[in-house]
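Chemist: Sequence:
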Amino acid sequence: MLRYLARRILHMIPVMIIISICIFTIIKLTPGSPVGLNLDPEMTAEQRQAEYERLGLHLPLPVQYVNWVGRSLNGDFGPSSLYNRPVSEIVPKYVWNSFKLNVLVFIFAFLLSVPIGIICAVKQYSFTDNFWTVFSLFGISMPSFFFGLLLIYFFAAKLGWFPISGMMTAGSNLTGMANVLDQLRHMILPATVLTIGSLASLVRYTRTSMLDIIKQDYIRTARSKGLTEKVVIYRHAFRNAMLPIVTLIGFWVPQLFSGAVILETVFNWPGIGQIMLNAINFRDYNLMMATLLLFAVLTLLGNLLADIGYAVVDPRIKVE
1 MLRYLARRIL HMIPVMIIIS ICIFTIIKLT PGSPVGLNLD PEMTAEQRQA EYERLGLHLP
61 LPVQYVNWVG RSLNGDFGPS SLYNRPVSEI VPKYVWNSFK LNVLVFIFAF LLSVPIGIIC
121 AVKQYSFTDN FWTVFSLFGI SMPSFFFGLL LIYFFAAKLG WFPISGMMTA GSNLTGMANV
181 LDQLRHMILP ATVLTIGSLA SLVRYTRTSM LDIIKQDYIR TARSKGLTEK VVIYRHAFRN
241 AMLPIVTLIG FWVPQLFSGA VILETVFNWP GIGQIMLNAI NFRDYNLMMA TLLLFAVLTL
301 LGNLLADIGY AVVDPRIKVE
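Position one of the sequence shown corresponds to residue 1 (the UniProt record's numbering), numbered consecutively onward.
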């Protein structure tokens with residue numbers, strides 16, 4: 001296992017180099033510039049040129065790339081032209097906000113979807129199966145921004161049960177448990193939208209995977225030996241059905257930190273998705289490159305965790 005991990009990590013190095021070149025090249029080819037979008041329109045040409053040089057945009061592109069990689073390896077991703085702060089201070093704060101929201105969604109969606117998917121597969125075409133099939137189609141098809149606006153209209157604007165937007169009550173100085181409860185109230189609506197969408201897809205994955213497994217010959221053999229249905233389903237079928245689900249969970253790892261751009265904008269949730277959208281709109285190159293590089297690293301780590309999960313779920317799979 002250790003040799004496998006070391007080999008995979010070494011393989012990730014050239015992949016990250018290629019990804020970093022692609023990120024840098026695509027962003028530099030994007031029309032526009034942070035100089036002119038984020039500065040005072042009354043600044044003189046000399047002041048704009050000074051800002052252009054301060055950001056290092058006057059250097060040749062290969063030199064800019066080498067400088068960016070060298071700084072990034074030392075944890076310095078440069079200044080943000082939009083927020084006038086180091087990128088290394090901005091990203092952790094907003095990544096943490098996205099993580100708080102998404103990890104709650106992940107836990108609820110996973111704990112609910114797996115047993116529901118198993119029940120739907122075991123009781124195929126029953127009322128329960130039909131209900132969750134319709135629910136899954138609804139959850140997958142409904143645009144998240146539209147569903148979020150509906151929840152805001154009915155439960156925030158009309159009924160006043162929950163805050164309309166933000167992560168905490170503006171102007172409040174709450175601390176301790178009161179602050180935690182206030183943030184949870186603000187989380188409920190965006191978390192509901194994300195949970196329904198995630199639950200819908202996970203239920204479909206679990207149901208489909210279980211249906212494929214329970215029709216296999218070894219499941220019929222297990223039943224013919226007199227094993228109880230619970231043992232057949234949870235000991236023999238479910239463990240093999242977990243393989244596609246482990247793959248899906250691996251892809252969820254970057255989503256825990258990358259946020260939901262549209263949903264965070266609708267609910268004005270100060271997550272990394274909303275910050276990245278602002279960076280794109282105002283051509284904040286350093287912030288754009290740092291966030292994209294972070295998402296690339298998280299995606300590679302998610303794939304690595306999925307491969308390790310295969311070996312944990314199914315001992316027949318040898319990572320060597």
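Hints were generated in silico from the structure; no laboratory data involved.
Every residue, glycine too, gets a C-beta built ideally from N, C-alpha and C.
Just to be clear, a hint being listed does not mean it is correct.
Calculated cross-link-like contacts (lysine-lysine; reagent style BS3-like; alpha-carbon spacing at most 25 Å) [as the list claims (entries may be wrong)]:
id, residue 1, residue 2
1, Lys230, Lys123
2, Lys215, Lys123
3, Lys215, Lys230
4, Lys215, Lys225
5, Lys28, Lys123
Per label pair, the in silico range of CB-to-CB distance [as the list claims (entries may be wrong)]:
id, residue 1, residue 2, range
6, Phe138, Gly70, 47 to 57 Å
7, His58, Arg85, 16 to 26 Å
8, Asn268, Ile17, 18 to 28 Å
9, Glu46, Ile9, 22 to 32 Å
10, Leu111, His58, 46 to 56 Å
Chemist: If a hint holds in the structure, say so; if it doesn't, say that too.
Modeler: Quick rundown of the hints versus the structure:
no., hint, result
1, Lys230 - Lys123, "13 Å, holds"
2, Lys215 - Lys123, "13 Å, holds"
3, Lys215 - Lys230, "16 Å, holds"
4, Lys215 - Lys225, "16 Å, holds"
5, Lys28 - Lys123, "54 Å, violated"
6, Phe138 - Gly70: 47 to 57 Å, "50 Å, holds"
7, His58 - Arg85: 16 to 26 Å, "22 Å, holds"
8, Asn268 - Ile17: 18 to 28 Å, "37 Å, violated"
9, Glu46 - Ile9: 22 to 32 Å, "48 Å, violated"
10, Leu111 - His58: 46 to 56 Å, "54 Å, holds"
Violated hints, in rising order: 5, 8, 9; the structure is consistent with all others.
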